[in-house]
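Peer 1: As you go down the protein sequences, you meet chains A and B in turn. When you line the first sequence up against the working numbering, it's residues 1 to 327, in that order. When you line the second sequence up against the working numbering, it's residues 1 to 278, in that order.
Hint data in this document are derived by calculation from the structure and do not stem from the laboratory. For glycine and all other residues, C-beta sits at the position ideal for the given N, C-alpha and C.
Footprint (simulated), chain B over chain A, 3 or more residues, beta carbon under 8 Å:
id : segment
1  : 57–63
2  : 95–109
3  : 153–159
Calculated lysine-lysine pairs in the DSSO-like style (CA-CA distance at most 27 Å, straight line):
id : chain 1 : residue 1 : chain 2 : residue 2
4  : B       : K44       : A       : K140
5  : A       : K119      : B       : K44
6  : A       : K140      : B       : K111
7  : B       : K44       : B       : K111
8  : B       : K111      : A       : K119
9  : A       : K140      : A       : K119
10 : A       : K83       : B       : K111
11 : A       : K119      : A       : K83
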Amino acid sequence: MSTLDTQTMAIEAHGLVKTFGENRAVDGVDLAVRAGTVYGVLGPNGAGKTTTVRMLTTLLRPDGGSARVLGRDVVDDADEVRKFIGLTGQYASVDEDLTGTENLVLQSRLVGLSRAQSKRRAAELLESFDLTDAASRPVKHFSGGMRRRIDLAASIVVTPDVLFLDEPTTGLDPRSRGQVWDIIRDLVAGGTTVLLTTQYLDEADQLADRIAVIDRGTVIAEGTSADLKASVGRSSLHLRLADETQRDLAERLVAQTLDTTPRSTPEAGVITAPVADPDLVADLMIRLRAEGVRIDEIGVQRPSLDEVFLTLTGHAAEDDDTERTAA
Amino acid sequence: MTTTTTETRAAERSASRVAARVDRPQPPSALSASLTLGWRSVLKIRRIPEQLFDVTFQPVIFILMFVYLFGGAVSGSTQEYLQFVLPGILVQTVVMASLYTGISLNTDIGKGIFDRFRSLPIWRPAALVGALLADSIRYVVAAAVCLAVGMAMGFRPDGSVFDVVAAVLLVLVFAFSLSWIFAFLGLVMRSAGAVQGVSMLAMFPLTFASNVFVDPSTMPGWLRAWVDVNPVSHLVTAVRGLMAGGPDAGDIGWSLIGCAVLIAVFAPLTVRAYRRKS
Ligand SMILES: Nc1ncnc2c1ncn2[C@@H]1O[C@H](COP(=O)(O)OP(=O)(O)OP(=O)(O)O)[C@@H](O)[C@H]1O
Ligand SMILES: [Mg+2]
Numbered sequence: 001m002s003t004l005d006t007q008t009m010a011i012e013a014h015g016l017v018k019t020f021g022e023n024r025a026v027d028g029v030d031l032a033v034r035a036g037t038v039y040g041v042l043g044p045n046g047a048g049k050t051t052t053v054r055m056l057t058t059l060l061r062p063d064g065g066s067a068r069v070l071g072r073d074v075v076d077d078a079d080e081v082r083k084f085i086g087l088t089g090q091y092a093s094v095d096e097d098l099t100g101t102e103n104l105v106l107q108s109r110l111v112g113l114s115r116a117q118s119k120r121r122a123a124e125l126l127e128s129f130d131l132t133d134a135a136s137r138p139v140k141h142f143s144g145g146m147r148r149r150i151d152l153a154a155s156i157v158v159t160p161d162v163l164f165l166d167e168p169t170t171g172l173d174p175r176s177r178g179q180v181w182d183i184i185r186d187l188v189a190g191g192t193t194v195l196l197t198t199q200y201l202d203e204a205d206q207l208a209d210r211i212a213v214i215d216r217g218t219v220i221a222e223g224t225s226a227d228l229k230a231s232v233g234r235s236s237l238h239l240r241l242a243d244e245t246q247r248d249l250a251e252r253l254v255a256q257t258l259d260t261t262p263r264s265t266p267e268a269g270v271i272t273a274p275v276a277d278p279d280l281v282a283d284l285m286i287r288l289r290a291e292g293v294r295i296d297e298i299g300v301q302r303p304s305l306d307e308v309f310l311t312l313t314g315h316a317a318e319d320d321d322t323e324r325t326a327a
Numbered sequence: 001m002t003t004t005t006t007e008t009r010a011a012e013r014s015a016s017r018v019a020a021r022v023d024r025p026q027p028p029s030a031l032s033a034s035l036t037l038g039w040r041s042v043l044k045i046r047r048i049p050e051q052l053f054d055v056t057f058q059p060v061i062f063i064l065m066f067v068y069l070f071g072g073a074v075s076g077s078t079q080e081y082l083q084f085v086l087p088g089i090l091v092q093t094v095v096m097a098s099l100y101t102g103i104s105l106n107t108d109i110g111k112g113i114f115d116r117f118r119s120l121p122i123w124r125p126a127a128l129v130g131a132l133l134a135d136s137i138r139y140v141v142a143a144a145v146c147l148a149v150g151m152a153m154g155f156r157p158d159g160s161v162f163d164v165v166a167a168v169l170l171v172l173v174f175a176f177s178l179s180w181i182f183a184f185l186g187l188v189m190r191s192a193g194a195v196q197g198v199s200m201l202a203m204f205p206l207t208f209a210s211n212v213f214v215d216p217s218t219m220p221g222w223l224r225a226w227v228d229v230n231p232v233s234h235l236v237t238a239v240r241g242l243m244a245g246g247p248d249a250g251d252i253g254w255s256l257i258g259c260a261v262l263i264a265v266f267a268p269l270t271v272r273a274y275r276r277k278s
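The task is simple: from the sequences and hints, build the whole structure.
Peer 2: Here's what the structure looks like:
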């Protein structure tokens with residue numbers, strides 16, 4: 001690692017390992033997160049996301065490997081690390097019996113704000129997070145979305161330099177999810193580095209500058225959302241015919257011009273086909289016109305992150321090496 | 001739709017507020033962090049007053065039951081027995097109340113909130129010390145209930161107010177020291193039920209096999225041997241002495257040594273278990 005890298009990296013992990021009995025929950029995870037960016041850790045249930053976050057936030061001691069947050073070692077300098085981080089765990093980490101205000105005042109006092117400052121900050125956060133009406137209700141009577149927001153608010157009573165969010169929007173409706181996304185974007189605009197775990201591809205796609213896909217405790221792919229999509233390979237052609245009776249002719253032209261086999265789709269008049277070279281699509285359009293095939297709609301789509309995820313986790317064992325794009 | 005506009009406005013508001021940077025001040029001192037976390041437990045007592053059952057109704061029932069059921073048989077008159085047994089029941093109630101520390105700690109730690117505390121740059125044992133300090137409030141309630149019921153039934157301490165207060169303080173210090181054992185059990189046991197079971201097992205020889213209810217002179221030798229070394233017996237003798245206006249320095253001394261030993265052994269064990277808790 002050059003000094004330049006160490007200065008700009010907010011989180012670095014090398015070969016992190018955590019075993020629970022026989023189970024290697026995290027099995028050699030490497031991460032490098034640039035300061036001021038959002039990093040998405042994407043993985044199915046049991047992939048090791050929470051375990052990784054717990055190690056990075058000093059709650060769990062790694063069995064192997066090392067990790068640094070803002071250059072401080074999470075084991076040797078745990079107390080230092082805690083001065084710079086905020087954490088919203090996967091499961092509600094506010095006190096159910098206390099009210100929204102009490103929880104935020106408690107949190108503010110614990111980070112060292114004075115009594116008066118704590119009250120002011122609590123009121124301010126409740127307002128920002130649209131929770132003022134619920135301020136004096138015990139958290140156990142909050143809805144899922146409200147709980148998530150109070151939890152998030154509790155981790156930013158003082159602005160953390162690095163914020164860890166473990167599945168911040170799981171179980172939220174689309175509007176609440178949008179609110180949480182806005183909050184995250186605000187924090188990043190203010191200079192906070194965010195590492196978030198998620199099972200939602202669109203969330204990673206929307207928020208994260210870079211994404212690590214982890215499965216069974218290892219990083220199976222890493223890169224920007226575009227990198228990952230490209231790593232799955234080919235784009236696909238999507239063609240809708242104006243006249244269904246021309247399907248055979250059209251399929252033949254697609255097969256000849258693009259040198260692939262069109263996929264059958266259940267939708268009437270729709271042909272899709274993998275495209276190795278998007279340039280050829282221009283040729284295809286000329287030939288379709290020449291043969292008199294009338295089209296309603298034509299486009300070349302890059303693979304969705306959903307396809308990436310399925311491809312990567314579905315064939316992780318054999319494709320592991322070829323699909324590891326960047327490190 | 002009105003809700004949509006409110007949401008949008010809220011989102012706009014959040015944009016300015018959340019982004020406004022709040023710098024992290026110096027972390028709180030160990031004392032301040034412990035007191036803040038103690039305050040949290042006090043708030044919880046206020047919100048769930050049922051938590052106080054064992055320090056309110058239980059001593060009342062114990063006093064009534066023991067005095068009227070056994071008083072005549074043990075001491076010849078209920079009044080005389082009350083004078084003898086009340087300091088003992090006070091000790092027993094407060095000591096029993098310390099058991100709750102382990103149970104509540106065990107339930108609490110199962111939830112995510114301790115993760116949050118542990119990810120803060122505060123003195124690590126603050127969450128434990130805070131919980132233990134807040135439990136002292138329960139002990140004060142227990143002591144007050146015992147004394148009030150006892151006085152209403154005719155208990156009259158011969159000692160001065162100062163002696164009585166000193167007696168209560170001694171019991172509080174002892175319960176605080178003892179609660180480290182239960183805190184330790186609360187941390188290492190898997191469930192709150194298990195904590196309760198094991199703690200109860202420890203509680204019976206401590207409180208019943210003592211001089212709380214009867215004078216040990218009629219007990220068989222082997223039992224007396226235990227009763228004589230049981231720290232609760234020393235505590236009860238010390239409290240009786242204080243309340244009767246004739247404090248016994250020896251028993252007070254032994255009780256305090258017992259407290260010191262309990263803390264010296266179990267506080268480090270507990271803190272270590274807490275650190276290791278994953
Ligand atoms: N304290 C623990 N003791 C034993 N096994 C554990 C513990 N914590 C996690 N595991 C195991 O480690 C593996 C990874 O778990 P982890 O919680 O990190 O997954 P995750 O990616 O966060 O999953 P999810 O999306 O369901 O939250 C799982 O097989 C889990 O059973
Ligand atoms: Mg998880």
